[in-house]
Amino acid sequence: MATDGRILTDEMVEAIRAYFPRYPTRRAVTLPALHVVHDRLRHVPLRAVVEIAELLGVAPAEIQDTLTFYGFFKQESPHGLTRAWVCRSISCALRGGEELMEHMCRRARVRPGQTTTDGKLTLEEAECLGACDFAPCVLAGETLHKNVTPDMADALLKQCGVTLRDVNTRTTSDN
Amino acid sequence: MDCEPVLLAHVGRPDSHTLSGYEAAGGYTTLRQTLRDATPQKIVDVVKESALRGRGGAGFPCGLKWTFLPQNHPGPIYMCINADESEPGTFNNRILMEEDPHQVLEGTILSCYATRASTAYIYLRYEYPQCLKRLQAAIDACYDAGYLGKNILGSDYSLEVTIHRGAAAYICGEETGLIESLEGKRAWPRIKPPFPAVEGLFRKPTVVNNVETVACVRHIVQRGAAWFKSIGVPPDPDNPRDIGSFGPKLYCLSGHVERPGCYEAPLGISCRELIERFGGGVWKGRRAKAAIPGGISMGLLTAAELDVPLDFVGPVKAGCLGLGTAAVVVLDETVRMVDFLHNSCRFFKHESCGQCTPCREGTDWALQMLERIRAGRGRLIDLDLLLEIGDSIGIMPGTTICGLADGAAWPIKNAIRKFRDEFEHTIRATNPHGYMATDPVPALEMHALQH
Amino acid sequence: MAVALVNGVEVELDSHEKLNGIQVAARLGIEIPHYCWHPGLSVVASCRMCLVETGTRDPDTGEISMVPKLVPACQTPARDGTVFVTNSDKVRQARAMVEEDLLIHHPIDCPICDKAGECLLQDYHFKHGQGQRRADIRPFTSRRRPMGDTVTLFVDRCVMCSRCVRFTREITGTSELMVVNRGSHEEIDVFPGYPLANRLSGNVVDLCPVGALGDRHFLYRQRVWFMTSHAGICTGCSTGCSIWIDENQDRVYRLKPRTNPHVNQWWMCDDGRYGFDYIHNAERQTRRRVREKDGQHVELEGSELPDRLTRDLKSAGRLAAVLSPHMTVEAAYLLTQFIRQFDPQAMLAMGPVPVVGADETFPNGFCIHAEKCPNRRGVEEVLAHAMGRIVTWDELTEAVASRSFDGVWIAGGYPSPWIDETSARTFDDVGLLIVQDVFDSPLWRRADYQLPGGAFAEQEGSYVNVADRIQSVSWAIRPPAGVETEVRLLWRLLERPGLCRVRDVLHEVAVEIPYFHEAVHEIPPTGLDLKTAMLAASMD
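Protein chains in written order, with this note's numbering: chain A, 1 to 175; chain B, 1 to 451; chain C, 1 to 540.
Bound conformation, chain A alone (with noise of 0.2 Å):
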């Protein structure tokens, strides 16, 4: 948190005015703007979205208009520290994505959307990261993981920090 109660840091804000050059208008700075503080915080909680309708002249609203639009950016809390996409779409669905995601949720004992209650990782379903060829996959932070078996599964979960939950319960969880 910045100081005297505002939400974007000296850095941040150098970071969105870093694009104004490249726009002719400040309003096209919003997705930027948007990313640069998501990237941070993990979320854009709604006074930032405040903060950046200021920074580029516009009504929080327009703003929020354009935020929620996406369904990317979080808001109320943020994301865990690692999150973790998986593929939903259909060159993945056909090769055991769908499987994967329900294996993982109940490794990780979340739903879709949910994060873990230790701030690790939250699981997310995607439409088609564009890995089709390495289908089933999961995009992790930064790092595209290809194949992805029940193993390989496990093996990123441990790595986010998350306790996993023995495979052999049957009942998912209810976080």
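Just so you know, these hints were derived from the structure itself, not from any lab.
Treat the hints with caution; some may be incorrect.
With a straight-line Cα cutoff of 25 Å, these simulated PhoX-like cross-link-like pairs (lysine-lysine) come out [said to hold, decoys possible]:
id, chain 1, residue 1, chain 2, residue 2
1, C, Lys69, B, Lys192
2, B, Lys42, B, Lys185
3, C, Lys69, B, Lys317
4, B, Lys192, B, Lys48
5, B, Lys204, B, Lys150
6, A, Lys146, A, Lys120
7, C, Lys127, B, Lys192
8, C, Lys90, B, Lys192
9, B, Lys133, B, Lys150
10, C, Lys69, B, Lys413
11, B, Lys284, A, Lys146
12, B, Lys48, B, Lys229
13, C, Lys90, C, Lys127
14, A, Lys74, B, Lys185
15, B, Lys150, A, Lys146
16, C, Lys18, B, Lys204
17, C, Lys90, C, Lys69
18, A, Lys120, A, Lys74
19, A, Lys74, B, Lys133
20, B, Lys413, C, Lys90
21, B, Lys48, B, Lys204
Remember, it's a predicted structure, so these values are computed and weren't measured experimentally.
Place chains B and C on chain A using the hints.
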């Protein structure tokens, strides 16, 4: 139908993504020669002559699109490189940008020079972080080497290139959806006219081109239109609207094959050849039941239709929407068509931008019906309702603003019409007491289901 | 002359006109249904309800070639040779599809929705919709979400026409409203802490084609089919917006803007829209009273008034009259006639002109004026003609203070308190004080004759706005029993024959006073520009 790789020629070499690696293989010579010897109009002419058709999905002739720009416009003119590749099954742009970003950049600079664009934005989808790294490094290297920025290579021509990162929305791959997103608004595609060439990004003349398309431009400028037209399929003399399917094409192959991957072949290869020769055949010794010819929006080919040439006219003859992104996805005999269609409907409902009524509500209604069918509460009449939705939504009948609705409609139409018996069987078998009902049924509790 | 065709019928187009398919069809009385298009907002063509078939007619051969796909009529310009078909099966099916689609997520709660009776979703369903529901049934209650002090949103009734969002972005430039989410989950909302709070906020309720946006002032107060709409003029400021006054049994429930391209286009401000409660305020004066010798006020019969008043005015001597800028042109004129009958030298003055703040102009040019009265221009011109100059309220009160008059008639009609104890004391020594007004005041209590006046919705007559445009309206509601509107009372006092004919009075005014000359002609519903005619006349 062999030809030596063109677009993938450099891919796989060590340091293929670096400037030194690219230059060592002769990269940027074409740019150098062009800036020295050719006018922008000459580049437009050669691309027009080559009959290069856009590789992003619509297949619109690239050179012709460039001629829609107003003459003698004071500027600025914008180029948008559509790197929002999100069509399920498609990943060739990813490979080009990750493994050979300079090919894409050189093609971009040449295209910008031809169209007199002063600024290019590469709209890159969020899900390609490796592409972001590689492309940004390549752009930085280009600025350092004088291939970008003011007075490129000492010429009068200047160009700024900026990567603009998306946020996981398929509709940003639509030309005017991309433009709206770039401008900072929600990506609701614009009504046309006016077309982007007249009034596009920031209301200035704009061209939107696909990554693979501009990569082709680089080769066309280097080797000429005649060379380009020596590859592929000439126009059908009986079809006045066919301008031919020329050039090399990157075909993505995925799904139930032994070797999923991106393979280069002249336009016109068939699904069967792609699967057998490049893909190692259908996996696990099974047989193909159906195949998507060009990304899920294009619909389905049945097993009997796998010999259809994958050029710009072949899939249409088999009742598909078109060649699309030439992304072939193979479904083996164990796949239930209802599961396939559910996956498709779920995708389009999730991605519909929501602006126009028929698509916003039609895609949702279609998914609701598929959910219900899968939950064992389907009715035979649902198939007729699905077909009605499929036949009525889209830019082709004129009921929607953009082609996402057509993409949503085609899998519905193809799947149900080509596999009707199987759908009916599934419905009867899973809902033996209710399949005959024709009255409306209660909706499933949608919030309990995952979307 | 350009000619377009709609369903085979020719429509002529002026060369300067830029009409779309909806407008051109409307010329022939053909309605092309639509939700998202509005003449005052940008074209988005997103509802897809106005889909029609289009084509062109060859100017030489007359052959018609139609485009194979449907197009939205709102984005199709009508030019010479443009052909529209609005009644083919293809068009009908498309409309039915859109209607059906809009009902899928709709709560269909007409019995509890304000919009019932004036709802496009209802109307178009009956005219263009499917006969039968085919989608899965999901009855539910709409969520409700406040947008601000004036407007509330019934979230699930929204059809995503985006008119309201476009209004706040294009007309007021305040951008409070937004769309959130994507696809079928889209909703309208405001950013937390930034409610819909601009001074034109009520217009979004007019724009909403369905019952999603509700007017908090009007919500649940009256069913629209019980109301009658009367053309009126807002008297809140000198803009003089044309309005509709919706009333039932002489009670006003709602004001809405009336389209007037010269004055307010399609809009009106919140002050005017919600500023009519005073009409039915229980504190309104409804009893005609006269002060007897003992100082007490007693009620006076209407039949007794003329003789008594005339006698008192005759014996009074020097007279003055104050005309408020709330008076109609006709009432003002008749009052000057009446007073001058008794004292040809009577001083005729303008009442206080209320000014609040400064003019506020919006990005589209709409202006809320600081002058909070409808007819200063009109009354000024009547007074100027009678007096040769404008006498201000201050000048008059000074004259009263120096005992210049034996009798003063003050026509007020101000909707809010306008005179304090101190100013009222100025009139203590006036022998005959006649006050015509709407509410009690220190002046009213001092009056010898208390004559209750009409509120704006009860007035019949004309007002001239800040831009010298005269607009004429008839009354929308009858005044409360005991109230006789100014113009009717004066007609009676002047002993003119028969029922009060306000149109005749205006004609008289137009003949006698050059400023009003143009008003000898019929005044169209959107009014008449007096200034241009005067300028033209002065150039002859």
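Verification of the supplied hints:
The straight-line distance between the Cα atoms of Lys69/C and Lys192/B is roughly 14 Å, inside the 25 Å bound, and the hint therefore holds. The straight-line distance between the Cα atoms of Lys42/B and Lys185/B is roughly 36 Å, outside the 25 Å bound, and the hint therefore fails. Proximity of Lys69/C to Lys317/B is assessed by CA-CA distance (about 20 Å); at most 25 Å being required, the pair is judged to hold. With a C-alpha separation of about 23 Å, the suggested pairing of Lys192/B with Lys48/B holds against the 25 Å cut-off.
For the proposed pair Lys204/B and Lys150/B, the alpha carbon gap of about 21 Å is at most 25 Å, so the pair holds. Our distance criterion of 25 Å between C-alpha atoms is met by Lys146/A and Lys120/A, whose separation comes to about 21 Å. As the CA atoms of Lys127/C and Lys192/B are separated by approximately 29 Å, the hinted pair breaks the 25 Å bound. Our distance criterion of 25 Å between C-alpha atoms is met by Lys90/C and Lys192/B, whose separation comes to about 22 Å.
With a C-alpha separation of about 23 Å, the suggested pairing of Lys133/B with Lys150/B holds against the 25 Å cut-off. At most 25 Å may separate the alpha-carbon atoms for a hinted pair to count; Lys69/C and Lys413/B meet this at roughly 19 Å. The straight-line distance between the Cα atoms of Lys284/B and Lys146/A is roughly 20 Å, inside the 25 Å bound, and the hint therefore holds. A C-alpha spacing of about 11 Å is found between Lys48/B and Lys229/B, which places the hinted pair at or below 25 Å, so the restraint holds.
Pair hint Lys90/C plus Lys127/C holds up; C-alpha atoms about 15 Å apart against a cutoff of 25 Å. For a cut-off of 25 Å, the pair hint linking Lys74/A to Lys185/B stands: about 18 Å separates their Cα positions. Distance restraint check for Lys150/B and Lys146/A: the Cα-Cα separation of roughly 41 Å exceeds the 25 Å cut-off, and the hinted pair is therefore not satisfied. Restraint check for Lys18/C and Lys204/B: satisfied, since their Cα atoms lie roughly 24 Å apart, inside the 25 Å limit.
Between Lys90/C and Lys69/C the CA atoms are separated by roughly 10 Å; this keeps the pair inside 25 Å, and the hint holds. The suggested pairing of Lys120/A with Lys74/A holds, with an alpha-carbon distance near 15 Å, which does not exceed 25 Å. This hinted pair checks out: Lys74/A and Lys133/B have alpha carbons roughly 24 Å apart, not beyond 25 Å. Restraint check: the Cα-Cα separation between Lys413/B and Lys90/C comes to about 19 Å, which is no more than 25 Å; the hinted pair holds.
About 23 Å separates the Cα atoms of Lys48/B and Lys204/B, which keeps this hinted pair within 25 Å; it holds.
Violated hints for the displayed structure, listed by number in ascending order: 2, 7 and 15.
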